[in-house]
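J.: Here's the letter readout for the chains.
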Amino acid sequence: MTSQTLPQRLLTGPAAFLSTLAAMAQKEIMIMLRYPVEFVASFGQVFLIVVVLTLAGLMFSPEGVGGGGSTETTGLVVYGFILFMFLSDTLWTIGYNVHRDQKQGTLEVLYLSPASKFANLVSRIVVTLVWTGLMCVMAAFVMSGMLGALPLHNLALGLFVLVMALSGTFGVGFAFAALTLRLKETAQTVANLFQFAFMVVCAPFFPFAALPEFMQWVARAIPLAYGVDAFRSTLMGFPAGFPELAPIEMELAVVTVFGLVMPILGYWLYRREEDVARRKGTLSEY
Amino acid sequence: MTTTLPGRPTLSQNLSAALAEAQLRFTNISRYPGQLLTNIVIPIVFAAMPILLGRATGGASAEANFAANTGSGNFVGYLLIGSCVFQFVSSTFFLVANWLRFEQETGTLEAVYLTPTSSATLLGGVVLYSTVRSLLPALIAYVVGCLVFGLNPLDGNLALALVFIAAGLIPLAGMSMLFGAVVLRVKEANALLNLMQWVVSFLMGIFFPVAVMPPLLQFVAWLFPPTWMTNGVRSALLGVGYFFGAWYLDLAVLWVFMFLAPLLGWWVFRRTEQGIQRNEGVGQF
Numbered sequence: 058m059t060s061q062t063l064p065q066r067l068l069t070g071p072a073a074f075l076s077t078l079a080a081m082a083q084k085e086i087m088i089m090l091r092y093p094v095e096f097v098a099s100f101g102q103v104f105l106i107v108v109v110l111t112l113a114g115l116m117f118s119p120e121g122v123g124g125g126g127s128t129e130t131t132g133l134v135v136y137g138f139i140l141f142m143f144l145s146d147t148l149w150t151i152g153y154n155v156h157r158d159q160k161q162g163t164l165e166v167l168y169l170s171p172a173s174k175f176a177n178l179v180s181r182i183v184v185t186l187v188w189t190g191l192m193c194v195m196a197a198f199v200m201s202g203m204l205g206a207l208p209l210h211n212l213a214l215g216l217f218v219l220v221m222a223l224s225g226t227f228g229v230g231f232a233f234a235a236l237t238l239r240l241k242e243t244a245q246t247v248a249n250l251f252q253f254a255f256m257v258v259c260a261p262f263f264p265f266a267a268l269p270e271f272m273q274w275v276a277r278a279i280p281l282a283y284g285v286d287a288f289r290s291t292l293m294g295f296p297a298g299f300p301e302l303a304p305i306e307m308e309l310a311v312v313t314v315f316g317l318v319m320p321i322l323g324y325w326l327y328r329r330e331e332d333v334a335r336r337k338g339t340l341s342e343y
Numbered sequence: 053m054t055t056t057l058p059g060r061p062t063l064s065q066n067l068s069a070a071l072a073e074a075q076l077r078f079t080n081i082s083r084y085p086g087q088l089l090t091n092i093v094i095p096i097v098f099a100a101m102p103i104l105l106g107r108a109t110g111g112a113s114a115e116a117n118f119a120a121n122t123g124s125g126n127f128v129g130y131l132l133i134g135s136c137v138f139q140f141v142s143s144t145f146f147l148v149a150n151w152l153r154f155e156q157e158t159g160t161l162e163a164v165y166l167t168p169t170s171s172a173t174l175l176g177g178v179v180l181y182s183t184v185r186s187l188l189p190a191l192i193a194y195v196v197g198c199l200v201f202g203l204n205p206l207d208g209n210l211a212l213a214l215v216f217i218a219a220g221l222i223p224l225a226g227m228s229m230l231f232g233a234v235v236l237r238v239k240e241a242n243a244l245l246n247l248m249q250w251v252v253s254f255l256m257g258i259f260f261p262v263a264v265m266p267p268l269l270q271f272v273a274w275l276f277p278p279t280w281m282t283n284g285v286r287s288a289l290l291g292v293g294y295f296f297g298a299w300y301l302d303l304a305v306l307w308v309f310m311f312l313a314p315l316l317g318w319w320v321f322r323r324t325e326q327g328i329q330r331n332e333g334v335g336q337f
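If you're matching them up, the sequences are chains Y and P in order.
First residue of the first sequence? That's 58 in the numbering used here, and the numbers climb one at a time after it.
First residue of the second sequence? That's 53 in the numbering used here, and the numbers climb one at a time after it.
Looking at chain Y on its own, in the form it has when it is part of the complex:
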């Protein structure tokens, strides 16, 4: 009897969860290190995105490339870019990895192992977030070097908003992973369309005031938009006209609820879709 219960005890509880998480994260890091070109290229890619977007913004400056932008513009663009980078990771990484495992034929095998599936999914994000954090620091230096001094106020509150926004999008990431199981290849297209909608409606690269009136109302219906607005307004020290969508107290409340509720809802959706796929035997179909 003891020999039957011992493995179960080893595979449940916080210690087992953390052990699985560490092992899976280690596997992800190992894969990253096995492809050093990819590792370095992702740094270069972020650098170039930053340069291209910054040069585009400077074309509207009276002094052009030699001049630089205002402090407000710098804060708007740099903080928007940082949040966009983090949100892109948390939104799509889980679903992308599920799809990759399907394509490589390893998803079903992973499901047959007794390890925590939640830890397996979370591990994909952990490594990416650390990596993205490093790239964001680099991007912030490059952009502020080209555009001008970066305003930095209310760091603790800014971090709180970032964590809540990431937690919320983490939940959306689970929901997207559920969509991957349901829509298979089409899910990538849907993800792309959502990402573009996010780039416009949640305005990470420009003020909400630049959007037409009706789109500003659409933005007000999306919790993530409050995250973008609250994050950059807080770090910019609430200059005149910021935050744009609602008073900061209300934005903080929306972002906090989003960060607490969405992961639970998203994971519930994922488990539900996973059960359907297992019953139908379509887990490895893509």
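Keep in mind that a hint or two might mislead.
Computed Cβ-Cβ distance ranges for the label pairs, DEER-style [what the hints assert, rightly or not]:
hint : chain 1 : residue 1 : chain 2 : residue 2 : range
1    : Y       : Ser76     : P       : Val195    : 55 to 65 Å
2    : Y       : Ala80     : P       : Arg237    : 28 to 38 Å
3    : P       : Ala119    : Y       : Ile88     : 42 to 52 Å
4    : P       : Leu88     : Y       : Ile88     : 26 to 36 Å
Just so you know, these hints were derived from the structure itself, not from any lab.
Note that CB positions come from ideal geometry on N, CA and C, so glycine has one too.
Place chain P on chain Y using the hints.
T.: Leaving out everything else, chain P in the frame of chain Y:
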């Protein structure tokens, strides 16, 4: 009476195989209409970023500042053209690379290489598909983008702009083979391909004139065919000015690339392919 040696397909057979490969890709993409929609949406959204930022931060002087920096006050048209040409160029490159990567990941690349059809024929079919598949959404995106941002898509010398695009097709097809060679050599090349896409966007001056670059980078940009295509289209539609002052001189440069780029692309692809076949084989990824 002439007989065809077994294993040596004729030109018409090769052409037929290339067209069959292209048809296969078109049939495949017809099952995912959302991907085509995405290709139309991407350049519009991508151009919208700097347009909205410029409108918000530049205010009333946005047009004047933009004209002083780029040579055209029509910043919507300028950015939209850059974005659409970029989408066309990067998609052409990416689709060829994606074909090889998909075959690698699904374990079918080695099987493809074992068929009597040469890789050149198959690559030709894929290049044909990727060029058509990339060009049409980019043209539609330009028209839709113009309508969304309140521009007349028929303004400017449209015929000359199309001539520049047509002249750029073959150099692009040739360069897309370089992307294929990268996938064969590096394998897990997603990040590298993404990086190369942004290198492309930077060198072709997607949202800014190449004149803002340091001299050495300007020289590199001039060796890159899409730079000439983008500037040619912008000059024809917005009058920003040709690199050599006259449209036919810029077009002549594209004609030179038309001969050089396919030769270079094929030479690099073939060398990479042969090296891999001699060593680890094409099955590994």
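J.: If a hint holds in the structure, say so; if it does not, say that too.
T.: Hints and how they fare:
1. Ser76/Y / Val195/P: 55 to 65 Å: Holds: the Cβ-Cβ distance is about 56 Å, inside 55 to 65 Å.
2. Ala80/Y / Arg237/P: 28 to 38 Å: At roughly 31 Å between Cβ atoms, Arg237/P and Ala80/Y fall inside 28 to 38 Å, so the hint holds.
3. Ala119/P / Ile88/Y: 42 to 52 Å: 49 Å Cβ-Cβ, so the 42 to 52 Å window holds.
4. Leu88/P / Ile88/Y: 26 to 36 Å: At roughly 32 Å between Cβ atoms, Ile88/Y and Leu88/P fall inside 26 to 36 Å, so the hint holds.
Consistency note: the structure conflicts with none of the earlier hints.
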